[in-house]
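Starting from two chains that each stand alone, build the complex the way the hints lay out.
First to last, the sequence lines map onto chains U and H.
Residue numbers for the first sequence follow my numbering, beginning at 1 and rising by one.
Residue numbers for the second sequence follow my numbering, beginning at 1 and rising by one.
Don't take every hint at face value.
As the list claims (entries may be wrong) - As a list, the in silico DMTMM-like pairs of lysine to aspartate or glutamate whose alpha-carbon atoms are at most 20 Å apart: (1) H:K78 to H:D57; (2) H:K17 to H:D63; (3) U:K3 to H:E104; (4) H:K11 to H:E109; (5) U:K52 to U:D94; (6) U:K98 to H:E109; (7) H:K78 to H:E109; (8) H:K78 to H:D63; (9) U:K98 to H:E104; (10) U:K54 to U:D31; (11) U:K3 to H:E44; (12) H:K11 to H:D86; (13) U:K52 to H:E104; (14) H:K15 to H:D63; (15) U:K98 to H:D24; (16) U:K98 to H:D56; (17) U:K54 to H:E104; (18) U:K98 to H:E44; (19) U:K98 to H:D57.
To be clear, the hints were calculated from the coordinates, so they are not data collected in a lab.
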Amino acid sequence: LAKTTQPISMDSYEGQEVNITCSHNNIATNDYITWYQQFPSQGPRFIIQGYKTKVTNEVASLFIPADRKSSTLSLPRVSLSDTAVYYCLVGPMDSSYKLIFGSGTRLLVRP
Amino acid sequence: GAGVSQTPSNKVTEKGKYVELRCDPISGHTALYWYRQSLGQGPEFLIYFQGTGAADDSGLPNDRFFAVRPEGSVSTLKIQRTERGDSAVYLCASSLGGNANTGELFFGEGSRLTVL
Numbered sequence: 001l002a003k004t005t006q007p008i009s010m011d012s013y014e015g016q017e018v019n020i021t022c023s024h025n026n027i028a029t030n031d032y033i034t035w036y037q038q039f040p041s042q043g044p045r046f047i048i049q050g051y052k053t054k055v056t057n058e059v060a061s062l063f064i065p066a067d068r069k070s071s072t073l074s075l076p077r078v079s080l081s082d083t084a085v086y087y088c089l090v091g092p093m094d095s096s097y098k099l100i101f102g103s104g105t106r107l108l109v110r111p
Numbered sequence: 001g002a003g004v005s006q007t008p009s010n011k012v013t014e015k016g017k018y019v020e021l022r023c024d025p026i027s028g029h030t031a032l033y034w035y036r037q038s039l040g041q042g043p044e045f046l047i048y049f050q051g052t053g054a055a056d057d058s059g060l061p062n063d064r065f066f067a068v069r070p071e072g073s074v075s076t077l078k079i080q081r082t083e084r085g086d087s088a089v090y091l092c093a094s095s096l097g098g099n100a101n102t103g104e105l106f107f108g109e110g111s112r113l114t115v116l
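Chain H with its partners taken away, still in its complex shape (with noise of 0.2 Å):
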């Protein structure tokens, strides 16, 4: 397709367990962010990723949160013994980056997280 793409829309899991939401960004896109966004509030920055190296990390909330972009494309955000603090909406965006970046991010749809 020709935007972000996060899988999967909906997750639901219990307290300890451990997780994984994909994002698949706009081709060609370098950069990616990974932002999280409680209910009634706008985005919370977690992590930044130009090409396959996390350039900022410093929004992770712990270390439970690990992101991954291995071949520069797809990334995964993981998150271990889950919490039901950590309930909210995944969002994922990718801009062009690097000396081409306008400023201009690409969302996803978000992966809704539950944790029961």
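Isolated chain U, as found in the complex (with noise of 0.2 Å):
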């Protein structure tokens, strides 16, 4: 499975976009790109999927390369409610598929 590396913490403030950015540099032909958010005390919850270029729903964006070798999440507009832990993960969607968790991204909202 493709190993993945994005910052151990962010900080940002109310009201600003959020850019946090997954590097996947040996992300495999059947892979797609997951995100999921964890609040304290709760198991995580998925964000977004992606495969390449753009996918947007009511949360965030995903912004994907054409080389799939980092992909962004966005969050626009954060409220204090955003601060979690942000989880890339990477994997191929058959029946063996089982998610492997790094260590996430501590995005801390400031008022």
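Here's what the structure looks like:
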């Protein structure tokens, strides 16, 4: 499974756009990129998933360049409630798929 | 309930004791996962069930850890002769699995195990 590298922590202020970049240099052809969010004392929650180019949903956008060796999670106009740990994961969408989490990025949103 | 349910939410035990943690997945989800999360770390994969069988148990740290899912729904994680290093939050997740796998796992809130 492809290894991912992401910043340990990030700080932001309410109302700003936050971009968290993840590196996955050895991503395989059949790998997808998935982001999860985790609040204290809760299990991780799926945010967004993509294979290439751009994916957008009601929560975030995911930008994936043509070489797919990195991806950027974009959170528009963050609020205090977006303070959480964000995990980038890479793996194939087949029946043997298991999520391998790294240490994630701790995002702190300040007032 | 609609989500993944885990019991107990908190368990305190003494070193050497036996512990069982239960997971009730979302109805209709054929895939079930157990993870362990230590403070400040990401969740660590333990075992993955597809139906009743353990499709991948490569994450179980040693033979003191065992998990079952006899009817393809509820799963129990069993830890024998607990050690202080087993203290962690044990997370269960479920997903559609199989050919319907989308990579979206639904996690429970976890069972916090403390071994004294």
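A quick look at each hint next to the structure:
Among the hinted pairs, K78 (chain H) with D57 (chain H) is consistent with the structure: their alpha-carbon atoms are about 13 Å apart, no more than 20 Å. Of the pairs offered as hints, the one joining K17 (chain H) and D63 (chain H) holds, with about 15 Å between alpha carbons and a cut-off of 20 Å not exceeded. Distance hint between K3 (chain U) and E104 (chain H) is fulfilled; the C-alpha atoms sit about 19 Å from each other, no more than 20 Å. For the hint pairing K11 (chain H) with E109 (chain H), the CA-to-CA distance comes to about 14 Å; that is within 20 Å, so the pair holds.
At roughly 18 Å between alpha-carbon atoms, K52 (chain U) and D94 (chain U) fall within 20 Å of each other, so this suggested pair holds. At roughly 19 Å between alpha-carbon atoms, K98 (chain U) and E109 (chain H) fall within 20 Å of each other, so this suggested pair holds. For a cut-off of 20 Å, the pair hint linking K78 (chain H) to E109 (chain H) stands: about 18 Å separates their Cα positions. Distance check on the hinted pair: K78 (chain H) and D63 (chain H) sit about 10 Å apart at the alpha-carbon level, within 20 Å; holds.
A hinted pair counts as satisfied when its Cα atoms are at most 20 Å apart, and K98 (chain U) with E104 (chain H) qualifies at roughly 10 Å. At most 20 Å may separate the alpha-carbon atoms for a hinted pair to count; K54 (chain U) and D31 (chain U) meet this at roughly 16 Å. Our distance criterion of 20 Å between C-alpha atoms is met by K3 (chain U) and E44 (chain H), whose separation comes to about 14 Å. Between K11 (chain H) and D86 (chain H), the direct Cα distance comes to roughly 12 Å. Compliance with the 20 Å bound is thereby established for this hinted pair.
A hinted pair counts as satisfied when its Cα atoms are at most 20 Å apart, and K52 (chain U) with E104 (chain H) qualifies at roughly 17 Å. Pair hint K15 (chain H) plus D63 (chain H) holds up; C-alpha atoms about 16 Å apart against a cutoff of 20 Å. In summary, the hint linking K98 (chain U) to D24 (chain H) is supported, as the alpha carbons are separated by about 19 Å, within the 20 Å threshold. Between K98 (chain U) and D56 (chain H) the CA atoms are separated by roughly 9 Å; this keeps the pair inside 20 Å, and the hint holds.
Proposed proximity of K54 (chain U) and E104 (chain H) is supported: the alpha carbons are some 18 Å apart, at most 20 Å. Using a Cα cut-off of 20 Å, the hinted pair K98 (chain U) and E44 (chain H) holds, with the two alpha carbons roughly 11 Å apart. Taking the CA atoms of K98 (chain U) and D57 (chain H), the gap is about 11 Å. The hint holds against a cut of 20 Å.
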